[in-house]
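Colleague: What follows is the residue order along each chain.
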Amino acid sequence: DQQVKQNSPSLSVQEGRISILNCDYTNSMFDYFLWYKKYPAEGPTFLISISSIKDKNEDGRFTVFLNKSAKHLSLHIVPSQPGDSAVYFCAASVGGNTPLVFGKGTRLSVIA
Amino acid sequence: ETGVTQSPTHLIKTRGQQVTLRCSSQSGHNTVSWYQQALGQGPQFIFQYYREEENGRGNFPPRFSGLQFPNYSSELNVNALELDDSALYLCASSLAGGLNNEQFFGPGTRLTVL
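Chains as they are written, first to last, in our numbering: chain Z, 1114 to 1225; chain Y, 22 to 135.
Don't take every hint at face value.
Restraint ranges, calculated between C-beta atoms of paired labels, are given here [stated by the list, open to error]:
1. Gly24/Y / Ser1165/Z: 20 to 30 Å
2. Asp1172/Z / Gly24/Y: 13 to 23 Å
3. Asn1170/Z / His31/Y: 35 to 45 Å
4. Arg1220/Z / Thr133/Y: 18 to 28 Å
5. Gly1208/Z / Gly24/Y: 44 to 54 Å
6. Gln1115/Z / Arg84/Y: 23 to 33 Å
7. Glu1171/Z / Lys34/Y: 42 to 52 Å
8. Ala117/Y / Asp1172/Z: 19 to 29 Å
9. Gly49/Y / Tyr1152/Z: 22 to 32 Å
Cross-link-like lysine to aspartate or glutamate pairs, in silico, DMTMM-like; alpha carbons within 25 Å at most [to be verified]:
10. Lys34/Y / Asp106/Y
11. Lys1217/Z / Asp1114/Z
12. Lys1217/Z / Glu73/Y
13. Lys34/Y / Glu103/Y
14. Lys1217/Z / Asp1168/Z
15. Lys34/Y / Glu96/Y
16. Lys1167/Z / Glu1128/Z
17. Lys1217/Z / Glu103/Y
18. Lys1169/Z / Glu1155/Z
19. Lys1217/Z / Glu123/Y
20. Lys1118/Z / Asp106/Y
21. Lys1118/Z / Glu73/Y
22. Lys1169/Z / Glu123/Y
23. Lys34/Y / Asp1197/Z
24. Lys1184/Z / Glu1128/Z
25. Lys1118/Z / Glu123/Y
26. Lys1167/Z / Asp105/Y
27. Lys1184/Z / Glu1155/Z
28. Lys1184/Z / Glu123/Y
29. Lys1181/Z / Asp106/Y
30. Lys1217/Z / Asp1172/Z
31. Lys1181/Z / Glu1128/Z
32. Lys1118/Z / Glu1171/Z
33. Lys1217/Z / Asp105/Y
34. Lys1118/Z / Asp1144/Z
35. Lys1167/Z / Glu1155/Z
36. Lys1181/Z / Glu1155/Z
37. Lys1169/Z / Asp1197/Z
38. Lys1217/Z / Glu1155/Z
By construction, these hints were calculated from the structure, which means they are not laboratory data.
Please read these numbers as outputs of a predicted model, since none were measured by experiment.
We put the beta carbon where it would ideally sit given N, CA and C, even for glycine.
Produce the entire structure from the sequences given, and follow the hints as far as they go.
Modeller: So this is what it looks like as structure tokens:
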């Protein structure tokens, strides 16, 4: 039973446009959500996070939105750059210092 | 600030053998978590160590075991290797008691079981 789902395996976006990556979860106990970016032959790199007490968190070109009632979060990248091409993982946890539950990832390709 | 390091980078073993993977946590971090990432999947939680004690375990059999040392580095041991153990093994370090649950990952060890 997958508790964190990323239903789009891949996404292609033109350079300069907005990239929107989506993530759904089923466990209502999740209270902290994170996005990681992964390049080939590297470990996941932390990108941005959001606590369940917020509905939006922004960091430069990256914004994460959380809709608790829909159990849905999204990552917006504006403007998209070719260097953003990577696999993006959504992860969730219950409380601090607890295991992260990951989705299967979405491969983003930003085309110049 | 030193990031998370893992060794070896790649490893090839045969079925039935045993393997030990190593991880050095990020400076200042006291918790280490291990994840297995199979091809096309997201990382799956194996177990976590905090203050040299196992602090949670995922759905992995007992032949997956670990250790954490006083300097917070860690080992993952897998006995009686099976073909399905072929995967990328990721170590992540974090600071218990922090306000968030950000875990910082190493580059991983690619294990191939033949």
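Colleague: Output the numbers, in ascending order, of every earlier hint that fails for this structure.
Modeller: Of the numbered hints given earlier, those the structure breaks are 5, 12, 16, 18, 21, 23, 24, 26, 27, 29, 31, 35, 36, listed in rising order.
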